[in-house]
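**Q** So you can see what is in the structure, the chains are spelled out below.
2 protein chains.
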Amino acid sequence: MKNIKIAILGLGTVGGGTYQILKENRELIAARCGCTFEVAKVLERDHARLEALGLDPAIAVTDPQLIFDDPEIRIVVEALGGIDFPAGLMLAAMRAGKSVVTPNKAAVAANFDRLRACAAENGVQFRFEASVGGGIPALTAIQEALSANAFTEVMGIVNGTTNYILTKMADEGLAYEEVLKDAQAKGFAEADPTADVEGIDVANKLSILMALCFGTYVPPTEIPREGITKVTMADLEAAKEQGCRIKLIASAKKDTDGSLTYSVKPQLIPASHPLAGVNNEFNAIYVTGNAVGELMFYGKGAGALPTGSAVCGDIIAIAKTL
Amino acid sequence: MKNIKIAILGLGTVGGGTYQILKENRELIAARCGCTFEVAKVLERDHARLEALGLDPAIAVTDPQLIFDDPEIRIVVEALGGIDFPAGLMLAAMRAGKSVVTPNKAAVAANFDRLRACAAENGVQFRFEASVGGGIPALTAIQEALSANAFTEVMGIVNGTTNYILTKMADEGLAYEEVLKDAQAKGFAEADPTADVEGIDVANKLSILMALCFGTYVPPTEIPREGITKVTMADLEAAKEQGCRIKLIASAKKDTDGSLTYSVKPQLIPASHPLAGVNNEFNAIYVTGNAVGELMFYGKGAGALPTGSAVCGDIIAIAKTL
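Top to bottom, those sequences are chains A and B.
21 is the number of the first residue of the first sequence in my numbering; add one for each residue after it.
21 is the number of the first residue of the second sequence in my numbering; add one for each residue after it.
For reference, chain A alone in the conformation it holds in the complex (with noise of 0.2 Å):
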């Protein structure tokens, strides 16, 4: 059975939860893709986290170059976060002939074209599914079993942090400040939320959702954006007695001149809508194509296996092509 070499760089939450559904799950992934895994080198400076996961802290290198250099090593998971940084090391892999797994939204979104147009220049496979709605499988469906559709349409609640701000706020009453403090408490909002709050990791988001359902690319920093920090308790009042919820939604539309409407904002959603049934730290991704209509993916946005499963997913598509 053939044996690919990966290599991770970065082993915090999504690094290591992908070398943990690697492990766990390695006979199923075996028996179903004809290949085993192994992770050979991991872009790590803190050993005790290979520790943690039953990793030979000698696999660990803090220079990437050894990574790139080495012949045997064929998909880079790049898990780091930050945006020029790993930016930067998706295409040093890519140009050293390596294919590239990504969870990380910021520095898709911010050089989306540069990374796609690396891969192809460098007959790789670049992929990140695993960067809009984590473990949700949305953006391999719009770019394969969806490819027979013109899109007219993409929304999603695609941060937890935020729906699961104003969904307590909504359903049980409790002001904003007290909803965050508690979501920083559960490990579903960073000490600083701003990233999440004020809407710019959704806009990294709908970047990539619009790339892939209209292939117009707009950077997040171009999107008209609005975050959740004016939402008030009487809002949310209001829109219940409306029959809404109120949500943060990344939305595009293409309208029939083929132009492109698109914003991040918290929009008041129709109870019977199913974007409306989405609540706490769940996402959904909701198209519409004009062959499909109307279709919505729903599921954990967030998490080291969740978003590790997305990875696998990329991994294991990679791997069926070397």
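Hints should not be assumed to be uniformly reliable.
All copies of an identical chain are treated as equivalent in the list; a pair is satisfied when it fits inside any one copy or across any two copies.
Unchecked claim - Straight-line C-alpha distance at most 35 Å; calculated DSBU-like pairs for lysine-lysine: (1) K285 x K250; (2) K22 x K273; (3) K43 x K273; (4) K25 x K273; (5) K273 x K188; (6) K250 x K206; (7) K340 x K22; (8) K206 x K188; (9) K260 x K206; (10) K340 x K25; (11) K43 x K340.
The set of hints was computed from the structure by calculation and includes no laboratory data.
In this text the structure is predicted, and so the values were computed from the model without any measurement.
Chain B: place on chain A using the hints.
**A** Same frame as chain A, now just chain B:
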């Protein structure tokens, strides 16, 4: 640009929808896939069906052997319906070196292992995304993007007719017979609704879902099955009082000892469960994987264009490997 010749067996709802999508979205598909598709032959007696779609009646044949013997045809779409006859045609097409795509759940469920084995033996592809959930790309996701997961449970609302009937009964207080007549008038139900209302169609789909999620093929005839004909208004009222909806649910669960529990029957679904919000003719497939957690795929489970979207997705996936 490569031109791939396909044949369609049967130009009914799905066969016609498939052709319509290939024609209307031709440029888009060519840009995305780098190839064009030509319907070179059609197995169809009714020339009016070809004319209605703008197809030259000269490509119609009544002898399927003319399709199997045509070396230029690479992909055969079986859209005839039935069980044994279309299964025989699919096997013959694969033995003739053609990849096969079908939306035919009854034929796939009754012949699952035989059809898959035949594809493997002949080095061709056999794809059937449209056989469960119409346009919803759940089967491809289960087999590809989610393939790093051990699945523990799969549930589905996979019959639009019965879901429409139960929704109208629950929400509008209409009697079963009345809603059935309405559904028949709207084309959501067959003149003989037995396969739908007795859960036969759902059992076919559950057989396919179980085979893909758990690697275990259970013939649909061996799945315990109860339809919706015994669901009364009193049942629906009692469910509502408990904060639940009654849905016709296909479900299969892997127990800790590895054994499977499965059934097709009306079940009480709590209003907070994502499946509770799947109403009218919509379908949904809800899976739980050991990495990804809970996921739901929601969309249109029937109709010429939604089902054709899934067939076209399969055609494009095959084309990428030719």
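**Q** Evaluate each hint against the coordinates.
**A** Hints versus structure:
Taking the shortest alpha-carbon separations for K285 and K250, only the intra-copy value of 11 Å comes in at or below 35 Å, while the best inter-copy value is 46 Å. In this assembly of identical chains, K22 and K273 lie within 35 Å of each other by CA distance solely across copies; the values are 32 Å between and 44 Å within a copy. Taking the shortest alpha-carbon separations for K43 and K273, only the inter-copy value of 23 Å comes in at or below 35 Å, while the best intra-copy value is 41 Å. Taking the shortest Cα distances, K25 and K273 sit within 35 Å of each other only across copies (34 Å), while inside one copy they are farther apart (41 Å).
Taking the shortest Cα distances, K273 and K188 sit within 35 Å of each other both inside one copy (29 Å) and across copies (31 Å). Taking the shortest Cα distances, K250 and K206 sit within 35 Å of each other inside one copy (23 Å), while across copies they are farther apart (46 Å). Proximity of K340 to K22 under the C-alpha cut-off of 35 Å is found in both arrangements, the shortest distances being 11 Å within a copy and 23 Å between copies. Taking CA atoms no more than 35 Å apart as the test, K206 paired with K188 passes inside one copy only; the shortest distance there is 13 Å, against 41 Å between copies.
Proximity of K260 to K206 under the C-alpha cut-off of 35 Å is found in both arrangements, the shortest distances being 27 Å within a copy and 33 Å between copies. Taking the closest pair of Cα atoms, K340 and K25 come within 35 Å of each other both inside a single copy (14 Å) and across two copies (25 Å). Both within a single protomer and between protomers do K43 and K340 lie at most 35 Å apart by alpha-carbon distance, with minima of 19 Å and 31 Å respectively.
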